[in-house]
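Engineer: Chain by chain, the residues run as shown.
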Amino acid sequence: MNKFGILVAFAVCCFVSVSADTCDLTAKDHFNNVEFVDMKRKCILETEDQIKKEITASLKYLSLAAYFSRDDVNRPGYAKFFFDAASEEREHAKKLIEYLQMRGRYFDLEDSAISNINIGSLVKGSEKAELLSLGSEWMKAPEASKNKEVSAGLNALRTALKMEAVVTGSIRNLIATCEAEQVEGKKNEIFNDYHFADYLTGDFLSEQYQGKRDIAGKISTLGKMIRDNGAELADYLFDKSLQ
Amino acid sequence: MKSIIILCFIGIATATLSTDSDKSIETPCPPKNQFGEIAADQCCGNIEDCEIVATSRIVDDNGIGKYDEFIKYTNEYLTRSYEYFFLAAQFGTYAKERPGFEKLLSGLSDSAWNKGIEMIKEITKRGFSHKFILNKETATIMSSANVTELVAIAKAAEIEKSLLVRANDIHRHHSHASLDASHSCGYDAGLSHYIAEEIMEEKTETVRTLTGHANQLKRLFAQDPKLYPLSLFMFDKHLQ
Chain A
196 MNKFGILVAF AVCCFVSVSA DTCDLTAKDH FNNVEFVDMK RKCILETEDQ
246 IKKEITASLK YLSLAAYFSR DDVNRPGYAK FFFDAASEER EHAKKLIEYL
296 QMRGRYFDLE DSAISNINIG SLVKGSEKAE LLSLGSEWMK APEASKNKEV
346 SAGLNALRTA LKMEAVVTGS IRNLIATCEA EQVEGKKNEI FNDYHFADYL
396 TGDFLSEQYQ GKRDIAGKIS TLGKMIRDNG AELADYLFDK SLQ
Chain B
3 MKSIIILCFI GIATATLSTD SDKSIETPCP PKNQFGEIAA DQCCGNIEDC
53 EIVATSRIVD DNGIGKYDEF IKYTNEYLTR SYEYFFLAAQ FGTYAKERPG
103 FEKLLSGLSD SAWNKGIEMI KEITKRGFSH KFILNKETAT IMSSANVTEL
153 VAIAKAAEIE KSLLVRANDI HRHHSHASLD ASHSCGYDAG LSHYIAEEIM
203 EEKTETVRTL TGHANQLKRL FAQDPKLYPL SLFMFDKHLQ
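Protein chains in written order, with the numbering used here: chain A, 196 to 438; chain B, 3 to 242.
Chain A on its own, in the form it takes in the complex (with noise of 0.2 Å):
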């Protein structure tokens, strides 16, 4: 670390001494009890393990737009098509801090699954996405079939389609635990979060399945291109179709 930094990591430990008492670090004491919060445990620490999710989906599709962006593959239009998904993967994240936010989660809590997640090892596991459990044979960078019959478009197209199935599937399961939740010390009270399991059915769940449906399209047309014309053909005219 440089003088700078020495200095300025001084300046906050001195601050962060000083300003203990000063700062106002605990604003949830002005609510005098008042409970406004009623979204329930099991449901967040499932909705922030969601987000883990989206964040590991978003760097398995930067691994395959890596891939296709190689000067030996020469796929622009995959590529683009994959660093799309990406970004549209870390929004999906950033849709559900917002959503937390907006029910009253606050993230200092020592249970919060997101206040201690290695990001680190997340980027460096991106082709692997072990997160979301895909299995050996989707964990690798998609390369063409030595057979011919599978390009690596169509293997790249169908890891996206297993990824997008479990991730829709992890917000299915998220949405049960949400809408039939047991309320902590009421033996016989069940908690549904209406609003939150409408909210993921209506804009996640009809993302996924077009989603899904766009892929599935994708794989359906690019599997026939193959069968008639080989796969370097279809894959370089494909491509083109994605750009």
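Just to be clear, a hint being listed does not mean it is correct.
Selected chain B positions facing chain A (Cβ under 8 Å, derived; list incomplete) [as the list claims (entries may be wrong)]:
#1 Thr81
#2 Tyr84
#3 Thr126
#4 Leu136
Okay, derived cross-link-like pairs now, BS3-like style, lysine-lysine, Cα gap no bigger than 30 Å in a straight line [to be verified]:
#5 Lys123(B) with Lys319(A)
#6 Lys68(B) with Lys127(B)
#7 Lys319(A) with Lys239(B)
#8 Lys290(A) with Lys105(B)
#9 Lys335(A) with Lys407(A)
#10 Lys343(A) with Lys357(A)
#11 Lys247(A) with Lys319(A)
#12 Lys127(B) with Lys323(A)
#13 Lys323(A) with Lys68(B)
#14 Lys239(B) with Lys289(A)
#15 Lys290(A) with Lys239(B)
The hints are simulated quantities; they were obtained by calculation from the structure and are not laboratory data.
Quick caveat: nothing in here was measured; it's all calculated off a predicted structure.
Built from N, CA and C at the ideal position, the CB exists for glycine as well.
Add chain B to chain A, keeping to what the hints say.
Structural biologist: Relative to chain A, chain B alone:
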């Protein structure tokens, strides 16, 4: 007569000099696969003879990863992007309620993400693949828990400055112009230009802005700690 002799000498000296420099200008680390001089009909008769391997590389890294530092640097942007992402999230909660800080940090997150993508494209333009390799420090970056406004700004300033310093180092590595081939293996004028123009120029502005914010907040606190909550409120308003 004298002047003619002197002119001759100058002529000979210049000729010798230019011959010397021509000799010493070598292409550093020539790429393995040159495809310019392959006969046009080589790939026509038998596909087995077709040995054309086209590559965009202008220098070979000789298998020692001359571009690895740039690739690691790219991955640091992706990692930092998500670090900022979670840092920003904290300031959008009801208890913190600092939309200005959230906007600032969220902007840093977006620009790190977009720049990371741009750099992946940049490395592949040069004939190298992007790999998800990280240096030790980046590999351990975690999303952070509860932090104050000043700590968040100071942290952002430190991150941005470390990225600027690193860009400077990588620029030096790729712009080590030397006529001695063995010393200029990583020389890549195009990449150096990209680093200087597309990364460092913007990053210098960001570092200046953030350090300015950190110093301002520090002075606001130092001058009147009791007024600090109000100062923070006003500061946040101006960030929005």
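Engineer: The structure should be examined with respect to each hint, and the outcome stated for every one.
Structural biologist: Verification of the supplied hints:
Interface hint status for Thr81(B): upheld, as the beta-carbon distance to the closest one in chain A is roughly 5 Å, under 8 Å. Among the interface hints, the one on Tyr84(B) holds; its C-beta lies about 5 Å from the nearest C-beta in chain A, closer than the 8 Å criterion. Of the supplied interface hints, the one on Thr126(B) holds, with its beta-carbon coming within about 4 Å of a beta-carbon of chain A, less than 8 Å. The interface hint given for Leu136(B) is met, as the beta carbon of that residue sits about 5 Å from the closest beta carbon of chain A, less than 8 Å.
About 18 Å separates the Cα atoms of Lys123(B) and Lys319(A), which keeps this hinted pair within 30 Å; it holds. Proximity of Lys68(B) to Lys127(B) is assessed by CA-CA distance (about 15 Å); at most 30 Å being required, the pair is judged to hold. For the given pair, Lys319(A) sits about 38 Å from Lys239(B) by alpha-carbon distance, which is inconsistent with the 30 Å threshold. Taken as a hint, the Lys290(A) and Lys105(B) pair is honoured in the structure, with Cα atoms around 15 Å apart against an allowance of 30 Å.
Between Lys335(A) and Lys407(A) the alpha-carbon distance is near 21 Å, which keeps this suggested pair within the 30 Å criterion. A C-alpha spacing of about 22 Å is found between Lys343(A) and Lys357(A), which places the hinted pair at or below 30 Å, so the restraint holds. Between Lys247(A) and Lys319(A) the CA atoms are separated by roughly 14 Å; this keeps the pair inside 30 Å, and the hint holds. Only pairs whose Cα atoms come within 30 Å are accepted, and Lys127(B) paired with Lys323(A) is accepted, the gap being roughly 24 Å.
Under the criterion of a C-alpha separation no larger than 30 Å, the hint pairing Lys323(A) with Lys68(B) is consistent with the structure, at around 25 Å. For the proposed pair Lys239(B) and Lys289(A), the alpha carbon gap of about 23 Å is at most 30 Å, so the pair holds. Distance hint between Lys290(A) and Lys239(B) is fulfilled; the C-alpha atoms sit about 23 Å from each other, no more than 30 Å.
Going down the numbered hints, you'll see the structure goes against just number 7.
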